[in-house]
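So the protein lines, in turn, are chains H and X. Residue numbers 35 to 581, in our numbering, belong to the letters of the first sequence in order. Residue numbers 5 to 260, in our numbering, belong to the letters of the second sequence in order.
Everything labelled a hint here was simulated from the structure, so no lab data went into it. Be aware that a few hints might be false.
[What the hints assert, rightly or not] Calculated pairs, DSS-like style, for lysine-lysine (alpha carbon to alpha carbon, straight line, at most 27 angstroms):
#1 Lys72(X) / Lys437(H)
#2 Lys449(H) / Lys118(X)
#3 Lys141(X) / Lys369(H)
#4 Lys213(X) / Lys6(X)
#5 Lys144(X) / Lys371(H)
#6 Lys57(H) / Lys371(H)
#7 Lys24(X) / Lys226(X)
#8 Lys577(H) / Lys449(H)
#9 Lys437(H) / Lys118(X)
#10 Lys371(H) / Lys141(X)
#11 Lys178(X) / Lys144(X)
#12 Lys437(H) / Lys577(H)
#13 Lys185(X) / Lys203(X)
#14 Lys437(H) / Lys144(X)
#15 Lys369(H) / Lys144(X)
[Stated by the list, open to error] Covered by chain H, per the in silico footprint, the following chain X stretches (three or more residues, Cβ under 8 angstroms):
#16 79 to 93
#17 102 to 110
Where a beta carbon is used, it is the ideal one built from N, C-alpha and C, also for glycine.
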Amino acid sequence: MLRPIFLRLGVNFEQLAAIVEVKLKMDNRRARFNQWNKKQSESNGTFFLTLGLYFLMASAFSVFIYFSASITAVYSLVFAMMMFMLAMTLITDFSAVILDSNDNAVLLPRPIDDRTLLIARITHILMYLLSMMLALAIPFMVVTILKHGVLAAISFLIISLLSLILIVFLTNIFYLVLMQFTSEERLRNVINSFQIVLTFIFMGGYRLVARLVNIEALMNGVDTKVQWWHFLIPPIWMGNSMNTIIKHEFDSTKFLFLFLTLTMPFMVVFLVNNIFSGVFNQKIAGMDIAKRQEKTPNKVAEKGLAETLSSIFTGTSMERGAFEFVWKITSRDRKFKLRIYPSLAYLLIYPIFMVGTGRSEGSFQQQIEHLRESTGMGIVVIYLCGTVLLTIRSQISQSEDFKAAWLYELAPISKPGEILSGSLRAILVKFLLPITILLCIVLSIIWGVNLLDDLLFGMLTITNLDLLLSIGMSNELPFSTEIKKNGGGSFIRNMAYVFLAGIIGIIHYFMMQVPYVIGVFMLIQLALALFLFKKYREVGWEKMRME
Amino acid sequence: MKAIKISNLQKAYGSSLVLKDVNLEVDSGEIIGYIGPNGAGKSTTIKILIGMIPDYAGSVEVMGLDVKANPLEVKRLIGYVPENASLYDTLSPMEYLRFLGSLYELETDQIEEKATELLRLFALYDQRDDRMTTFSKGMKQKVLLISGILHNPEVIFLDEPLSGLDANAVILVKEILAQLKHAGKTIFYSSHIMDVVEKISDRIVLINKGTIIANGTFEELKSQRETGSLEQIFNQLTGNNQHVQLAEEFIQVMNR
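Whole structure, please, built from the sequences with the hints as guidance.
Here it is in structure tokens:
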């Protein structure tokens, strides 16, 4: 069915189908490095969980469609939300797939043209994003049928698919433009900062739409006047198009929005396909070669920060080894950074946007004043930043070099808990500590020093929560499992953790109303943390995951 | 005390029996050449001996210790260099060895001193603080060899240890093996390169389809078979003698 479209693009369809089929097959067979025998697990539980979560979120959100008076406003918001969710998954979970250089050895010596290979990669990702998009779109469609009829719902589906194509190829254009203007060598270094910039752009766009479409517009149907820059924000085209389709109103602006909605997705496909595809494989191939040539800047200091810190923060020899090991690999493994930094940026930028755009009017000064009055916001910021810990924890067991984990089986390790504990300590010192210090400064500036005890309490709580979960559940040793490429892995865990941290944050908020309570509980938390660390060190092989 | 004692060892993956009734005894200070065709059960035997696969039937002892009952003690006494092994190559050799040493709970100073010396002997001294991402296969193999013996093990399991090494390193490793034997260490050497096995081994053990089909010195094997090289003996015992015909067919199919 899709064949003519692909042929139209100048793609060798048979090759493309073969590549995508094999890739999907491999995704389903991601074997975990495991303790005793090498069996395969064929299920992708987390992926379906993510879909379920998306479905629930969209269901909750779809109520707006029913009650909103402004069609333009509500659909702009819906499309903005869907595109934002997909873009974030694309950046945090699929960057590694787009920039994968692993199959070079297999595919590049074969007679496959650049275009086919690039489109094959994108199609592979589209397969996953399509199912996510549907999970999001179905609840909206149901409500659209109820409110505006079947025709509107079908239009909604079509525009959703167009927005999916737009966002995927747009993200690709960002990457490809970057590749165009950087050397292979530099590309590897700037890619992380670039992802952070992208996160900023998408999040900024999303917040902008959310701000435009304020509650007033949603409820009373007062639409903001069309500004020139509305033409730069795709969800607004789409929201206007939905309005046009449902209300049958036509004028030149409306027509332009509809025109953009219908043609831009194909424009970006055309751009990617005809202009950028040539450069892509060449650069990807280059990334691999450059990897072998970097010789000089390769020296590592013989004794560094890691050794000094490990002697301060760890007890046993195994713990110390694991501390240094995790510390070093997290700063060097490019793939790890590729996976972790976008989500770190996402978590750190999110509070800033939330605080910064919570009130839409007033000068910066007034906003700060406003914030000062609500200490609750400070608590929210603390707990949001604390979730950084979980993001890293969920990634730390994964590595491209997961096969090197055979050494854990070989060495006489009586309590793997020592390695886990060393690894956690490294993460705490390397990531959570700097964030806490940064927050110290930010919180002192906005709310003064009286929130600092709350900050400490919050970070301790999050650490303890993590320890409790780790002791209670199964664990994986650092860098011992294959990288999960099917997406969803990091995103859903973040969501679940945000939920838990949210509940604790609310309890915290009520506790801080009573003087001295936080101080007392902080001592309890501290004692608990020491106790839990001791317990964590004792974790034995039976608590390690082996399938 | 035997260095290795395997009696009635059986191992099944699902319904397929990979090892059927393996019996083998190895004395301390022996170099055993462990050979067999692909999929014969060589790696499985080694993995059981070093405690990586604990669910098997039969009894396996290393240095008088039952592997199933005392896995940690056994692991402390053995060294293992797997075939084509991965290592965390964003680390430098020193860092990798330091991490490994900490897993064996060795003293940091001692690990560093030993690792530095061993790297020097393998001509990797100048690269000791370089990340291994840039290393060739042979350089990584040298690091793996060091990682297998860093903790001064009594029994050393080597799986294709010479792969990727240049001729100079090969000569050096062979000499090291000979000297390790003089020091009383037991070496369990698994390889497909028959002339190396023929030269270095005190005893050759041939496994095929999960059972040991030959066990003796090279001279003993030769006298039973009247053929010249270990390669020919291997082919006689495990293969069919149709390789000329198979090669012809291969070419025919390719030309189709």
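A quick look at each hint next to the structure:
1. Lys72(X) / Lys437(H): Between Lys72(X) and Lys437(H) the Cα gap is close to 24 angstroms, so the pair holds against 27 angstroms.
2. Lys449(H) / Lys118(X): holds, 26 angstroms
3. Lys141(X) / Lys369(H): The hint holds at about 22 angstroms.
4. Lys213(X) / Lys6(X): holds, 25 angstroms
5. Lys144(X) / Lys371(H): With a Cα-Cα distance of about 24 angstroms, the restraint between Lys144(X) and Lys371(H) holds, given a limit of 27 angstroms.
6. Lys57(H) / Lys371(H): Cα-Cα ~23 angstroms, so holds.
7. Lys24(X) / Lys226(X): Distance of about 26 angstroms is within 27 angstroms: holds.
8. Lys577(H) / Lys449(H): This hinted pair holds, its Cα atoms lying about 10 angstroms apart.
9. Lys437(H) / Lys118(X): Given that 27 angstroms is the threshold and the Cα spacing comes to 26 angstroms, the pair holds.
10. Lys371(H) / Lys141(X): holds, 26 angstroms
11. Lys178(X) / Lys144(X): Roughly 18 angstroms between the alpha carbons, so the hint for Lys178(X) and Lys144(X) holds.
12. Lys437(H) / Lys577(H): holds, 21 angstroms
13. Lys185(X) / Lys203(X): holds, 14 angstroms
14. Lys437(H) / Lys144(X): holds, 14 angstroms
15. Lys369(H) / Lys144(X): With a Cα-Cα distance of about 21 angstroms, the restraint between Lys369(H) and Lys144(X) holds, given a limit of 27 angstroms.
16. 79 to 93: holds (count 9)
17. 102 to 110: holds (count 9)
Checked against the numbered hints given earlier, this structure breaks none of them.
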